[in-house]
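**Q** Sequence:
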Amino acid sequence: MAVNVASEWLNSCSGCEIAILNLGETLLDLLPKINFVHIPVLMDHKHLGQLGDKQHIDIPKATVGLVSGGIRNEEHLEVAMEMRKKCDIVIALGTCATHGGIPALINSVTNEELFDRYYATESTDSGAQVPTKGISPLLDRCYALDEHIKVDIYLPGCPPHPDQIATAILALLNGETPELPFKSVCDTCPTKRMGKGAVKGIKRAVECPEFDPDKPIDEMRCLLEQGYLCMGPVTRAGCAGTNGEAPRCISARVPCRGCYGPVQQKGNQLLDMLNALASNGIDLSQLPDRDSLLRFSGAHNRLVVKQGKKTRR
Numbered sequence: 001m002a003v004n005v006a007s008e009w010l011n012s013c014s015g016c017e018i019a020i021l022n023l024g025e026t027l028l029d030l031l032p033k034i035n036f037v038h039i040p041v042l043m044d045h046k047h048l049g050q051l052g053d054k055q056h057i058d059i060p061k062a063t064v065g066l067v068s069g070g071i072r073n074e075e076h077l078e079v080a081m082e083m084r085k086k087c088d089i090v091i092a093l094g095t096c097a098t099h100g101g102i103p104a105l106i107n108s109v110t111n112e113e114l115f116d117r118y119y120a121t122e123s124t125d126s127g128a129q130v131p132t133k134g135i136s137p138l139l140d141r142c143y144a145l146d147e148h149i150k151v152d153i154y155l156p157g158c159p160p161h162p163d164q165i166a167t168a169i170l171a172l173l174n175g176e177t178p179e180l181p182f183k184s185v186c187d188t189c190p191t192k193r194m195g196k197g198a199v200k201g202i203k204r205a206v207e208c209p210e211f212d213p214d215k216p217i218d219e220m221r222c223l224l225e226q227g228y229l230c231m232g233p234v235t236r237a238g239c240a241g242t243n244g245e246a247p248r249c250i251s252a253r254v255p256c257r258g259c260y261g262p263v264q265q266k267g268n269q270l271l272d273m274l275n276a277l278a279s280n281g282i283d284l285s286q287l288p289d290r291d292s293l294l295r296f297s298g299a300h301n302r303l304v305v306k307q308g309k310k311t312r313r
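For what it's worth, this note's numbering labels the leading residue of the sequence shown as 1, then goes sequentially.
These are calculated hints, taken from the structure and not from any lab test. Any given hint could turn out to be false.
[What the hints assert, rightly or not] Taking CB as the label site, the calculated pair distances span: (1) 284 <-> 81: 34 to 44 Å; (2) 114 <-> 183: 31 to 41 Å; (3) 284 <-> 48: 44 to 54 Å; (4) 211 <-> 283: 48 to 58 Å; (5) 179 <-> 27: 18 to 28 Å; (6) 48 <-> 204: 44 to 54 Å; (7) 264 <-> 130: 32 to 42 Å.
[To be verified] Calculated pairs, SDA-like style, for lysine to any residue (alpha carbon to alpha carbon, straight line, at most 25 Å): (8) 215 <-> 193; (9) 203 <-> 133; (10) 61 <-> 88; (11) 266 <-> 161; (12) 85 <-> 51; (13) 150 <-> 182; (14) 46 <-> 35; (15) 150 <-> 281; (16) 133 <-> 114; (17) 85 <-> 58; (18) 150 <-> 181; (19) 86 <-> 32; (20) 61 <-> 43; (21) 86 <-> 181; (22) 203 <-> 281; (23) 61 <-> 84; (24) 192 <-> 279; (25) 133 <-> 118; (26) 54 <-> 32; (27) 54 <-> 86; (28) 86 <-> 41; (29) 85 <-> 109; (30) 86 <-> 179; (31) 150 <-> 82; (32) 215 <-> 245; (33) 61 <-> 81; (34) 192 <-> 102; (35) 150 <-> 40; (36) 150 <-> 138; (37) 266 <-> 182; (38) 183 <-> 153; (39) 203 <-> 246; (40) 200 <-> 219.
Every residue gets a Cβ at the ideal spot worked out from N, C-alpha and C, and that includes glycine.
Kindly produce the complete structure, drawing on both the sequences and the hints.
**A** Here you go:
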């Protein structure tokens, strides 16, 4: 008998749902075993019923619930709570759900500053009124999923690699708990490490690292040692899937951006990265914006506003 699966997207971009489609032939093997009872980003299913005649959000019961995106407004919160109520197992799918992701960068400003900037600031177009009709009220900040509901399984990534999604679903179908490794990107990176870096300042990403394009990636020196802001030491591995290949950004000869969030669920990429930079002999005063180290993990009160100014915890 097929297992019922419900999927919801909150404060997200649909990239995680595209990752599900990117399972390819594996998805064809899975479809006879699962039954999507609710996945509005891919098929029509209304929260208030197909005729809109229900008074409250109603999601069909399911064994597994996939939730992508963080919680930014009251509707997101209501949907997340309904998913928790109706699903036996809730999976936080993607870094927006696990750590806030890119949308949580908004936590560095207040809602008032946000509306003033985007609706009241005069530019080539005249200012506009803040929309209210039919718009769900914003919460005070962007939350990760587990700040409001219990999460059973975390699948970070922007988006998660299809291999990891398949591994998690197949494990659940077999009555097992998915076990994904808690390794850093550096643990899976084949580049050469020669000890403390040779530079004291941080190089701009537009500068080309030193490598020979005709040689394999394991002949290139570690980008952090070359002075580039590579988030590999403090970012969870997984972007290359389960095939043992080099991390995706590193394969393209560019620094890791940190999209899988911290290695441990409660880790702090900012503090851990400052320590990694100092360990490589890099002058921290050269770092132009420390908040950028929380690019993908600004939820959980990591990036907050205090008295109108950005603060970090």
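**Q** None of the hints should be skipped; say for each whether it holds.
**A** Here is how each hint holds up against the structure:
Taking the beta carbon of each, residue 284 and residue 81 are about 41 Å apart, inside 34 to 44 Å as hinted. For the pair residue 114 and residue 183, the beta carbons lie near 36 Å from each other, so the given range of 31 to 41 Å is met. For residue 284 and residue 48, the hinted distance range of 44 to 54 Å is satisfied, since their beta carbons lie about 52 Å from each other. The hint said 48 to 58 Å for the Cβ distance between residue 211 and residue 283, and at roughly 24 Å that hint is violated.
A beta carbon spacing of about 22 Å between residue 179 and residue 27 agrees with the range 18 to 28 Å that was offered as a hint. Between residue 48 and residue 204, the C-beta spacing of about 50 Å keeps the proposed range 44 to 54 Å intact. Under the hint 32 to 42 Å, the C-beta atoms of residue 264 and residue 130, about 39 Å apart, fit the expected range. A threshold of 25 Å between alpha carbons decides the hint, and for residue 215 with residue 193 the separation of about 16 Å falls inside it, so the pair holds.
For the hint pairing residue 203 with residue 133, the CA-to-CA distance comes to about 47 Å; that exceeds 25 Å, so the pair is violated. Of the supplied pair hints, the one linking residue 61 and residue 88 holds, its CA atoms being roughly 8 Å apart against a limit of 25 Å. For the proposed pair residue 266 and residue 161, the alpha carbon gap of about 21 Å is at most 25 Å, so the pair holds. The hinted pair formed by residue 85 and residue 51 meets the criterion: a straight-line CA distance of about 23 Å does not exceed 25 Å.
The suggested pairing of residue 150 with residue 182 holds, with an alpha-carbon distance near 20 Å, which does not exceed 25 Å. Between residue 46 and residue 35 the CA atoms are separated by roughly 17 Å; this keeps the pair inside 25 Å, and the hint holds. The hinted pair formed by residue 150 and residue 281 fails the criterion: a straight-line CA distance of about 41 Å is larger than 25 Å. With a C-alpha separation of about 18 Å, the suggested pairing of residue 133 with residue 114 holds against the 25 Å cut-off.
Taking the CA atoms of residue 85 and residue 58, the gap is about 10 Å. The hint holds against a cut of 25 Å. About 21 Å separates the Cα atoms of residue 150 and residue 181, which keeps this hinted pair within 25 Å; it holds. Note on residue 86 and residue 32: the hinted pairing holds, with a Cα-Cα distance of about 22 Å set against a maximum of 25 Å. Between residue 61 and residue 43 the CA atoms are separated by roughly 17 Å; this keeps the pair inside 25 Å, and the hint holds.
Of the supplied pair hints, the one linking residue 86 and residue 181 is violated, its CA atoms being roughly 29 Å apart against a limit of 25 Å. Distance hint between residue 203 and residue 281 is fulfilled; the C-alpha atoms sit about 13 Å from each other, no more than 25 Å. The straight-line distance between the Cα atoms of residue 61 and residue 84 is roughly 10 Å, inside the 25 Å bound, and the hint therefore holds. Pair hint residue 192 plus residue 279 holds up; C-alpha atoms about 17 Å apart against a cutoff of 25 Å.
Distance hint between residue 133 and residue 118 is fulfilled; the C-alpha atoms sit about 17 Å from each other, no more than 25 Å. Of the pairs offered as hints, the one joining residue 54 and residue 32 is violated, with about 31 Å between alpha carbons and a cut-off of 25 Å exceeded. With a C-alpha separation of about 16 Å, the suggested pairing of residue 54 with residue 86 holds against the 25 Å cut-off. With a CA separation close to 19 Å, the supplied pair residue 86 and residue 41 stays within the 25 Å bound.
Between residue 85 and residue 109 the alpha-carbon distance is near 32 Å, which puts this suggested pair outside the 25 Å criterion. For the hint pairing residue 86 with residue 179, the CA-to-CA distance comes to about 24 Å; that is within 25 Å, so the pair holds. Distance restraint check for residue 150 and residue 82: the Cα-Cα separation of roughly 12 Å lies within the 25 Å cut-off, and the hinted pair is therefore satisfied. For the given pair, residue 215 sits about 16 Å from residue 245 by alpha-carbon distance, which is consistent with the 25 Å threshold.
For the proposed pair residue 61 and residue 81, the alpha carbon gap of about 13 Å is at most 25 Å, so the pair holds. Of the supplied pair hints, the one linking residue 192 and residue 102 is violated, its CA atoms being roughly 30 Å apart against a limit of 25 Å. The suggested pairing of residue 150 with residue 40 holds, with an alpha-carbon distance near 22 Å, which does not exceed 25 Å. A hinted pair counts as satisfied when its Cα atoms are at most 25 Å apart, and residue 150 with residue 138 qualifies at roughly 21 Å.
Among the hinted pairs, residue 266 with residue 182 is consistent with the structure: their alpha-carbon atoms are about 12 Å apart, no more than 25 Å. Of the pairs offered as hints, the one joining residue 183 and residue 153 holds, with about 17 Å between alpha carbons and a cut-off of 25 Å not exceeded. Distance hint between residue 203 and residue 246 is fulfilled; the C-alpha atoms sit about 22 Å from each other, no more than 25 Å. Taking the CA atoms of residue 200 and residue 219, the gap is near 23 Å; set against the 25 Å cutoff, the hint holds.
Against the hints set out earlier in the document, violations occur for numbers 4, 9, 15, 21, 26, 29 and 34.
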